[in-house]
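Peer 1: Residue numbers (the numbering used here), protein chains in the order written: chain A, 1 to 125; chain B, 1 to 168.
Calculated from the structure, these hints are not laboratory results.
Ideal Cβ placement from N, Cα and C applies to all residues, glycine included.
Mixed in with the good hints, there may be bad ones.
Unchecked claim - Computed from the model, here is a short list of chain A residues facing chain B with C-beta under 7 Å: (1) Gly3; (2) Ile5; (3) Ile10; (4) Phe14; (5) Ser17; (6) Tyr37; (7) Pro54; (8) Val101; (9) Leu103; (10) Val108; (11) Arg110.
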Amino acid sequence: MKGRILIIVISLLFVLSIIALFIFKFFTPNSATAEIYSEGELIKTIDLSAINEPYEIPVINGECENTILVEKGGISVKEANCPDELCVNMGTIKNGMYPIVCLPNKVVVRIVENNTGVDAVAGAR
Amino acid sequence: MKIKHITLCGILIAVSLILFIVENQLPTLIPIPGIKLGLSNIIILFALLYLSPKETFLILVSRIILSALLTSAPSTLLYSFAGGLGCLIAELILLKTLDKEYIIAISPTGATVHNIFQLVVAFLITKTSEVFFYLPILIISGIITGLFTGLCIYFLDKKAGKKIKQLM
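Please work from the sequences and hints to get the whole structure.
Peer 2: Written as structure tokens, this is what we have:
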């Protein structure tokens with residue numbers, strides 16, 4: 001009996017997750033400001049729409065090194081010395097939702113909504 | 001601990017290390033941190049079924065420390081410990097309350113708990129709440145991979161469970 005409940009809970013979780021994935025797909029915000037975090041601290045904010053020439057940013061923190069490639073409208077991790085290189089494999093992100101996370105090196109690259117961010121601050125004043 | 005159990009623990013640690021290394025060599029299908037087969041979970045489930053919780057804990061901790069040394073990535077220790085211990089505790093409680101038959105459901109739960117714990121640690125370390133957008137995909141992957149490892153141990157127990165019990 002208890003086992004059945006567990007199976008039902010797991011199936012529900014599975015279905016809910018798939019629904020959530022679809023919702024995320026439809027509500028992806030279009031935005032052009034990228035933020036680079038290292039160990040939880042914001043180290044750089046880049047307006048991706050204002051970039052003409054692609055360039056690289058090194059993020060070095062102790063022994064951890066990530067090279068971040070900034071292009072017009074997109075941002076990616078080009079090189080990293082972390083063991084799994086998942087952050088490199090994640091490719092270029094262009095909008096919202098999924099941040100690039102390099103867990104071993106504690107680096108996060110995410111894209112935020114530039115318009116609403118400004119509005120929220122302006123509205124608060 | 002009986003000598004038989006000590007040797008078995010050693011073998012299981014070795015096997016889970018080998019599984020870990022083999023798994024690391026496989027190309028990543030979906031480039032999202034946290035998505036992997038989790039073959040070592042088979043060993044943990046095996047130990048939970050046939051050995052004591054204490055011995056399982058020992059196997060898990062040695063495997064985590066040794067694998068971190070092998071891959072030379074001490075920064076991943078925290079993630080491994082959080083995920084591994086969360087998974088072990090969840091599976092332990094479920095195995096105590098449920099029938100062995102339900103191992104196919106227990107394993108996905110353990111894998112999902114593993115992924116959620118790792119995500120929480122990732123949130124605490126990176127301090128970006130955006131990592132929680134990975135939650136649905138990590139739950140899905142946890143359930144699928146957990147189902148796979150659960151099926152492995154389910155069939156093992158069905159075919160060879162009695163013989164293994166006799167040998168203990």
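Peer 1: Which of the listed hints are not met by the structure?
Peer 2: Going through the list in order, the structure violates hints 2 and 7 and respects the others.
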